[in-house]
Amino acid sequence: MIINLIDYLRDRLQTVIYCCYGVMAFIVVWSMSVDTSHAHTWAEKMIPGFWSLFGLGSCAVVVMVARWYGKSGIQAREDYYDN
Amino acid sequence: MTTSFIHPALIMIVGACLLPLVRGPFRKPYMFLIPLLTFIDVVYLSQHPGTYGVFQFMNWELTFGRVDRLSMIFGFIMALMAIIGTIYGMHVEDEWQHIAAWFYVAGSLGAIFAADYITLFLFWEMMAFASTFLIWARKDEEALAAGYRYILVHTFGGVVLLLGFVLRYQATGDLTFDQLNVSSPELYTWLIMIGLMLNAAVPPLHSWLPDAYSKATAIGAVFMCAFTTKTAVYTLIRSCSGFEVLIYLGVIMAIYGIIYAVMENDVRKLLGWEIVSQVGYMVAGVGIGTSLAINGAAAHAFAHILYKGLLFMAAGAILTSTGRQKLTQLGGLYKKMPATMVFMLIGGLAVSGLPLMSGFISKSMIITAAFESHLLWVGFALILVSAGTFLAAGLRLPYLIFFGKNNCSEETWEKAHDPSWNMQLGMAIGGFLCIFLGCYTPFLYNMLPNTDVTFHPYNAYHLSETLQVMAFTGFGFFMLRKYVMPQNTISLDIDWFYRMGGRAFLWTVKNPLQWFDTALGKFYKVVGISCLMTTSAFWSWFDWNGIDGIVDGTARCVRAIGRRVTIVLQRGAIQQTIYYTVSFAAVLLVAYVWL
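Order-wise, the sequence lines are chains G and R.
Taking my numbering, the leading residue of the first sequence gets 1, the next gets one more, and so forth.
Taking my numbering, the leading residue of the second sequence gets 1001, the next gets one more, and so forth.
Since the hints were derived computationally from the structure, they do not count as laboratory data.
Backbone N, C-alpha and C fix where the C-beta goes; we use that ideal spot for every residue, glycine too.
Once the Cα atoms are required to be at most 30 Å apart in a straight line, the calculated DSBU-like pairs of lysine-lysine come out as:
id	chain 1	residue 1	chain 2	residue 2
1	G	71	R	1326
2	G	71	R	1405
3	R	1482	G	71
4	R	1326	R	1405
Partner residues aside, some chain R positions facing chain G, computed with beta carbon under 10 Å:
id	residue
5	1259
6	1261
7	1386
8	1499
Using the sequences and the accompanying hints, generate a full structural model.
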């Protein structure tokens, strides 16, 4: 059943991607209507969709730092410690 | 000591000792029964808080059973995880693995209920030694080496802890294991903290964790991911809460772990890095030290044990069926292992803190505590790590194992299948609890140690914050996924220093020291032996001609004199003999009278 569902979704990958964009747009629009009086910093109150930007930025930072760090010599061949 | 107190660790120890005797059809029910009894005992104790099991040993008072709210929540989850882990591993015939696992659980429970440093140390070491056997049980060369590294690192940590509490005993005469004075720390405070910190895998003392957990057996890793670090978090809460340095270390740990998790190719090592990252939240919570932060650390440890156990169970299922644990050798497995995929997704979403999952209700408590203590940078850093966690465990890991490009060899693909019923049952219990905790918050919140604070995770602002971060992390992953594809590499870490340090030591012994030793041997052979031979020859000559000459000469002289005397004095005539004798007696008598 699960396999069939996944196959069904994979066959319609483009539609799934559009649905995801739809969900993202909905979340951002909805978040603008949410009361921000409990927010901790001014940025959260003043910038609409602050956490969306923060999420995207965080993801990019983590990916890029990991990539840069790995390429700087930390990622070594698998038999590095072999004698 | 009241008669109603039976230490939960004792049940596990006795159970483990009797396990080899229980065979055949009784084995599986027995294996279910012992952790269940332990769990019932813990639940029973939670209704009767107090101090039990106090013994006088030499000059010290040992307390085995401190039952309060803090020890209860940790005792509860450890006993629960023992049940889940044992069910998961029930099919394994090798009884040594089960014995090691149960002793390991006993060590953890013992450390949690201990109220003095000696008892704590005893169980602390029991944990370290028992868990080493869970690595060695894998029985390949890599596991053997990893086990040795693990036990050496933990012995070092144990010694630092021992040093710390002995110094403290010398200074204060107190062995009680309780909150230390962290506002003006002494040398012993630091030493105790470092000893405890090593088990929580706080950088720079963290490398043992991904190294060991990726080499342990499938069930070994399920046990190990729950007990060592979270027992250490408990001890840190108990003794070092509010220690400011832990905030910095916790945040560094959370970020460091997630960066390595994103680079990692080995599934279980990746999950190990995730532990480092998640325990970072707890350590930061302990450092913040407010009631909410401590509750958050305890709640996150509770939730973490369940979802991380679930993830390790799913990874163990993949390892058991395919024999592979590298992302570059897996992929597209949703067709062959759909149930495992569902469980791994639940675990991945729970660790990422999706609303209605356990991670959401625990992680947010620590982040809120950071904001409330006006540590804005801590709060933002931890949210950044949440995004990274979702990227690494919620998206990258399931994508590369179950969807994505199929890197499986034909043999791997043939072998891949969902695991046996007991492994699936273990995962199902774990998965259910991950969702249950997220949906029904009072279950966990009513157990938290500090009752003076309340926390409500499900408010509109918090939901919008989390959903935005997750949705856009997902978008980021979609756009940047080609940068996080697995590669056939390993990531160098701080263990490089002791692994290479060990080699440098070996090289020093093998080369310069060996050369010196050989040279010394040759020198001795050439110079020493010939000198010795010459000296011996001289002494031999001296002995023969000098000492023997004197001794033999004296003997010959005595013999000659004796012969002459005999010839002169004893001629055989009795009257002559009487004459000599009487004359000699007379001379003696006269001499005596006159002199």
